[in-house]
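For the protein sequence lines, the chains are A and B, in the order given.
So the first sequence is numbered by the numbering used here: it starts at 1 and just counts up by one.
So the second sequence is numbered by the numbering used here: it starts at 1 and just counts up by one.
Hints may contain errors.
Said to hold, decoys possible - To spell it out: a stretch of chain A is covered by chain B in this simulated footprint if at least three of its residues, at any positions, have a beta carbon under 8 Å from a beta carbon of chain B; those stretches are: (1) 84-91; (2) 98-112; (3) 840-847; (4) 890-901; (5) 918-925.
Keep in mind that the hints were calculated from the coordinates and are not lab data.
Positions of the beta carbon are idealized from the N, C-alpha and C atoms, including for glycine.
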Amino acid sequence: MSDSPNSTPLDLAALRERLASERGPRFWRSLAEIAETPAFDDLLRHEFPAGADVWEGDAAGRRNFLKLMGASLALAGLAGCTKQPEERILPFARTPEETIPGMPLFFASAVTLGGYADGVLVESHMGRPTKIEGNPGHPASLGATNSFGQAAVLSLYDPDRSQVVTNVGRISSWLAFVGELTRQLEAQKLKSGAGIRVLTETVTSPSLGEQLRRLSQQYPGARWHQYDVCSRDAVREGARRAFGEYTETYYRLERAQVIVALGGDLLTQGPGSLRYTRDFARGRKFEDTDGRMNRLYAVESVPTPTGASADHRLRLEPRLIEPFARALAAELAVAANGPAAEALPEAARAWITPLAADLLANRGACVVAAGPEQPAAVHALAHAINAALGNLGQTVMVTEPVEAQPADQLGSLRELAADMEAGRVEMLIVLGGNPVYDAPADFDFAAKLDSVAFRVHLSADHNETSELCHWHIPETHSLEAWGDARAYDGTVSIIQPLIQPLYAGKSALELMAAVLGNPESQSYDVVREYWRGRLGGGDFDRVWRRALHDGIVPGTAAAPKAVQIQAGFDQPGEGGEGMAIVFRPDATIWDGRFANNGWLQEQPKPMTLLTWDNVALVSPATAEELGVANEDVVELRLGGRSVEAPVWISPGHADHAVTVTLGYGRSRVGRVGAGAGFNANAIRSSDGFWTAAGLEVVKTGRKHPLACVQDHASMEGRDLIRRAGLADYREDPDAMKHGVHHEAPAKDMSLYPGFEYNGYAWGLAIDLNACTGCNGCTTACTAENNIPVVGKDKVGRGREMHWLRVDRYYEGDLEDPETYHQPVMCMHCENAPCEPVCPVGATVHSSEGLNDMVYNRCVGTRYCSNNCPYKVRRFNFLHYSDYDTPSLKMMRNPDVTVRSRGVMEKCTYCVQRINAARIDSEKEGRQIRDGEIVTACQQACPAEAIVFGNINDPESKVSRMRSSQRHYGLLEEINTRPRTTYLGKLRNLNPEMPRAAAAPEAAHG
Amino acid sequence: MPQIFHPSTNTISKVSIFGAAFFLGGFSWLMMSLNRSSYVTRADVTRNQPVPFSHKHHVQGLGLDCRHCHWPVEQSSFAGIPPTKTCMTCHSQVWADSEMLEPVRESYRTDRSIEWVRVHDLPDFVYFNHSIHVSKGVGCVSCHGQVDEMPLMRQQSNLTMEWCWQCHEHPGPNLRPREEVFNPNWQPPADRVALAEKLMTEYNVRSALDCSTCHR
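Isolated chain B, as found in the complex:
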């Protein structure tokens, strides 16, 4: 009986069997990387907003406290986007004719909301509460990055569950004294570990790893 397969088929079949394992592994790796990439997480992607609001100007330049605009942050799950009225406390006088601010003035005139594009957007099955994090000594910049240096707002962290988990498992390194929570320029002391231990006890911080802490 003549040989049906050429001897090279052996090699081809070996390569493709091993190759398939590598291919699947590679494909999985690719998918996982894609899932963590900023293409999916939109980390570091600047969004187009109706008004190009600069946190850098308002925080670093003018020295506004975070809570001037995001005042519900200590009470509510939602840090709050300021109502148009808050903008107009200054901008009825300052830059009152600027074309850039026309959407703000229009909103104030018509009593219709400014439609901001959401930057930090968690999936709908995740329930995050700002107030408890702030009260336990997690600084704004710990999650949001150096907002005071962002001319246009972007999401610094990738907001994956993996990222949340790091801190929920070992909260210590991200804690700071409560009075420094809203200070973007706070520098940790040399002995960070001692501070973490002290604050963990003082603020009664534990790792919170139950599923229902965030999912419900």
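Pulled out of the complex, with its shape left as it was, chain A reads as follows:
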């Protein structure tokens, strides 16, 4: 916000000096912290930023209001006499099978992003889907979920969803649409459908693929185009160049000892990323792997969680990643052509030899993975390197394509645009997507659309494309309609609905069925019909039920393919000179499809900790060069087009490059997404789809306030992060404690006797070695605990309500620091500082060591949060929970109170889950088993970094973690005895590699 600590221009040279000096902080959160600006100091000293308690938008002000209300407050005791409103109970007329009132049911299904499925289990309370968990039996999930999966429930209940069929903006009906569609199709029949075009996003659904194939049989002139704004064209083209045909590639990181990520964000974005994180993290659980650890190298332009997790990270300009890959290939004697190492800077050249040696030492047990935004040449080189190292079939699996029909999507959309311009398109059916908003700017899609006489758009929200189409059909959510989709390895999941469509929605399958002449057909019939012939032979029903129950259709993983590297696979691209721009999908709202999802908008982006906005990311050196500071609005000019964007300085970003993320600046969107960010698609063209050179950055002299949480809840302590190099740690486990100046006081130091925890004693341990900082836990916690969304303005004032935050720390110099992520929630301190200061006993200790928060007792003095050294308590300053919107009432978790205004709240260790497990165990007359209670954050975590359990049981997983040498608590020196504790981070450094200044070994002394 305007008074945020980052708005004053900082003297970066002075900051560098400070960091290099002895007095500088070892770990830092932001530039403001190094500079010790007064604003940062204020954030450090106070529980909430100044002004957090101001009730804006009301002339009287909150304090005046309270004065006026003083008299009536004297009678506050009367509030207790309020009679409960009369409530009704509506039992079913006929109870559906398996429903037990009050008990949730779980159904296996799948959620998709970019066409690819992640298996999920959906919790249903009396017919209302309320929470999404990963499906442990699904290969892409293994029980984990990401933020997108978690937030799918909110998208379902989004009150701004499109609710009716509209025809040129007027409310119409499905029947009227079918009538018009039929007339149009009649006309098309005469010319064998030459004017019909269908535009889809990436399709992996076998049923939809079959329908589209049938369309071209029925109307031979019809064309099917595909376009995804986060298109994997380069992945497909790279495979085609390397292997001569379209294939799918996925990795088996559990078999990999050395992983090289060239660009992209292997661990948190793209198909299979949940599984990759799981496999990667399992290879780094020091205590479980006999001290062995895999090693990750990341070469990237833009800081990502993958880069932050890497043991060695190389910051490289976007145009240099291809030469880097080629130089690596040359070093490994892979026949590549074109210039190699000469183009690379010294730092990158120094990487080639030791990296190649490490790969050669791990033949068949290493992976070179190229990011989807890298040019096809990088993908082809990666394939060739993997082939040369014998990785194919071991760690790199090459299979038949998973997509229904792989295509060059950019070419496909270009063809469609040309056809529209030439007037060859008479009927355009757009299934999902939003091409008017996100097609490359040079296609001028919106203008060309005008020539199409009959335009239909199926979409979950009434967006930019709907506005320019004659017919808009509301699309069903994946929790409302049947479907199918394939995972990264090809495994098919049947998508089963949990609720009748809330509004008059239709699925893509139903719309296509109507186009094929069966407007009565339901998606259930379409999916069943497709699979009937293909599953289980005569015993279809049994196999179908099994597939629904398990969430996967057995035997559908894509078949492996024997491939040969083609000669001439390496076709060097042209790297342009000058300032580069990099386009990336947004970490929280992806390509804009989640723009109206408050949970995702408010979730801090893992690397920048920004919310509600996209920015132009630049490195500190580039910012200096351009003379810009955080929040300065600049004009980005590229190829005659321009867009205005606020600047954000990102340590670790490549120089001479600007990164922008997609999905913001939507002009036609619901109430949540309105006005957020700028539209990067405005300067994105088909020849610079992911990266373009020749960017011009012009200062405008204006500021755009950003809501960044990186300095919120800052703690003052010396060893919040502990880390060591693997080799050092093996030699001396105390290496982790290097530089730790405080130890926890002895337990018997207190004059008072300690409390004996005789039964269960709950504790939670977080392995920083596994955590990638993806923030999936934050969204899971939001969904489980009915945490409200507060909006950009309130986040800027420090009122965000997340019970679980993921702090990010930098270590080392300004340009290329090491990055650490640390999830922080209530520590459930045994000596909790919050408890003795509460005047009404609203926060008290349970006999099992939980720091209970009793909402109905809380009067909102905020003493507790003032006294909390970890700043994990959240105060509901205003009435943040939406009590009125009917659809949001359906979404809430009925096992957790929906908190009201004026009440303190915080992490409860998911006490509702503890109680449920306790009741189950007591009914069965046994102890709660280890692993029976899984907190929401733990359940979502793809890295299995979070473990909850009974610390009184020496055999429990959490106890074993607590006995590790890496184990430590935050601010233990003040004798809080936290129950939430951490395992320090290890970096598996290659001694042959050039060391960054911040590398742990170099930090000795």
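Assemble chain B onto chain A, guided by the hints.
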């Protein structure tokens, strides 16, 4: 200087100072009593229901077990209100033409729920679980009273936290053998204390006084 206040002012001021203390005390007492009164707690208030269902008739008269209708009680937090179908198992034959039962038949015809008025209604920040209480040997009538003698349903206990607390602190006196939980006519043995002690051990019952037991 003439006297401003009449001598009686002394008395008036003394009385009002002491009176204020008594008044505040009295007012507090009044509020507390009001809070516990059936006006607020609605204890013993019979509600109007769409169908005047008689527990007395069905339990005492016909001898139905509680679980015939409230079957989720042993598994779920919610004891369950029976679906219309349960009513219709008998009432499609018995009293099939009764005007009183028309809402039931209508519900069955239209597949729309009967809108019962909630009798036992805890505040939304309280989480009560039937199944664990039943499994630990707390009888239905311990909280709900002699439902088998209620022609129309009413809430017998006041459901204040004070009332919950008594038993959460000393659960023993309210325990009975598990097989007698659903028996409205069970009589405790003469040596109630011995039984309480025995059942506390046998069913592993402890006082459960953590806030998060019920509030979360």
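Quick rundown of the hints versus the structure:
Counting residues of the stretch 84-91 of chain A whose C-beta sits closer than 8 Å to any C-beta of chain B gives 7, which meets the bar of three, so the coverage hint holds. Against chain B, the stretch 98-112 of chain A contributes 4 residues with a C-beta closer than 8 Å to a partner C-beta. That satisfies the three-residue criterion, and the hint holds. Interface restraint, the stretch 840-847 of chain A with chain B: holds (3 residues with C-beta to C-beta distance below 8 Å; minimum three). Judged by the Cβ-Cβ criterion of 8 Å, the stretch 890-901 of chain A is covered by chain B as claimed, because 4 of its residues qualify and three suffice.
With a cut-off of 8 Å between beta carbons, the stretch 918-925 of chain A has 4 residues touching chain B; three or more are needed, and the interface restraint holds.
Every hint from the earlier list agrees with this structure, and none is contradicted.
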